[in-house]
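Novice: One line per chain: the protein sequences are A and B, in this order. Under the working numbering, think of the first position of the first sequence as 1, with each following residue one higher. Under the working numbering, think of the first position of the second sequence as 1, with each following residue one higher.
Please note that the accuracy of each hint is not assured.
If we take Cβ atoms under 8 Å as the criterion, some of the chain B residues that face chain A in the derived model are [what the hints assert, rightly or not]:
no., residue
1, H44
2, S59
3, L62
Rather than coming from a laboratory, the hints here were simulated on the basis of the structure. Just so it is clear, the structure is predicted and the values come from calculations on it, not from any experiment. Cβ atoms here follow ideal geometry from the backbone N, Cα and C, with glycine treated the same way.
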Amino acid sequence: MTTGDTGAKRRSKFFWFEGVTEAEVLSSLNDTRPSRLRQQGPRRTLVIAMAIVLAAMALIAFVTETKLTTYLEFGLIAAALVLYTLLRKAVRKISDAPDELLDERQIAVRDAAHTVAYRVLALVGSVTLVLHLVLRHPHDVIAAAAPADGTMLLIGFVMSAAFLPALVLAWNLPSEQPEA
Amino acid sequence: MLLSIYAIPIMSRQKEDPVFNRVEELRVAKGLTRQQLADAVGVHYQTVGYLERGEYSPSLVLALKIAAALEAEVPELFSIKPFKKGK
Numbered sequence: 001m002t003t004g005d006t007g008a009k010r011r012s013k014f015f016w017f018e019g020v021t022e023a024e025v026l027s028s029l030n031d032t033r034p035s036r037l038r039q040q041g042p043r044r045t046l047v048i049a050m051a052i053v054l055a056a057m058a059l060i061a062f063v064t065e066t067k068l069t070t071y072l073e074f075g076l077i078a079a080a081l082v083l084y085t086l087l088r089k090a091v092r093k094i095s096d097a098p099d100e101l102l103d104e105r106q107i108a109v110r111d112a113a114h115t116v117a118y119r120v121l122a123l124v125g126s127v128t129l130v131l132h133l134v135l136r137h138p139h140d141v142i143a144a145a146a147p148a149d150g151t152m153l154l155i156g157f158v159m160s161a162a163f164l165p166a167l168v169l170a171w172n173l174p175s176e177q178p179e180a
Numbered sequence: 001m002l003l004s005i006y007a008i009p010i011m012s013r014q015k016e017d018p019v020f021n022r023v024e025e026l027r028v029a030k031g032l033t034r035q036q037l038a039d040a041v042g043v044h045y046q047t048v049g050y051l052e053r054g055e056y057s058p059s060l061v062l063a064l065k066i067a068a069a070l071e072a073e074v075p076e077l078f079s080i081k082p083f084k085k086g087k
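This is chain A alone, in the form it adopts within the complex (with noise of 0.2 Å):
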């Protein structure tokens, strides 16, 4: 099973499409240690704490550009980054592993969840996009409240497309069990 001890001399390869490595795959699935994350409860909290923050960057793209708005974008990003990687734990990093260090059960998940994730990023995109372009018209009243560049709406929609399939996984996975 992929989801054994490699050894420690085993050289990691590292999976260019997913973004991880086998090391770091392998020690999230054989991590036997109890962890709240694990729970969904608290998974889904962690859910809903980066849909706030994402939603936020792709909001604060309207407000005009202050040195404050400046610092609030890096907390944001900032957030989105611990939070992603707390996920990414409380999944076990399913979400990015690739079929080789999965077992049916996790791929099937895994591929369920990029399928609902695929859809709300289209549902999400075409919504953000769609405002964006009523917000820029030139003759449109409230054209003032366009954002003067779209980077943290970029930002944001790239880290939402990285994002969602975790985010999935970790609102639908049950609470997870002791291994005994």
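Got chain A; can you put chain B on it based on the hints?
Specialist: Structure of chain B alone, referenced to chain A:
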């Protein structure tokens, strides 16, 4: 046309017919831990847990591997009808 894509419920999960099993009962009777059974059939120990709680239905290949590991027949382990108590 595009809107019809969004008519699909975003978080829908198709309800499957339940598969009842006696994996935990036979595993405990053989004195195996979830980890030992998981190693024997090549899956993660949490998968054995989900399977025992009826939260995951295994593929035919996995069902056959579990039956072999527990020295039982597949119908003794899995059924689409609830098992009678004490059987």
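Novice: Give a verdict on every hint.
Specialist: Evaluated hints:
The closest approach between the C-beta of B/H44 and any C-beta of chain A is roughly 5 Å, which is under the 8 Å cut-off, so the hint is satisfied. At a threshold of 8 Å, the smallest CB-CB gap from B/S59 to chain A is about 6 Å, leaving the interface hint in force. Satisfaction of the interface hint for B/L62 is found here, the shortest Cβ-Cβ separation to chain A being roughly 6 Å, below the 8 Å cut-off.
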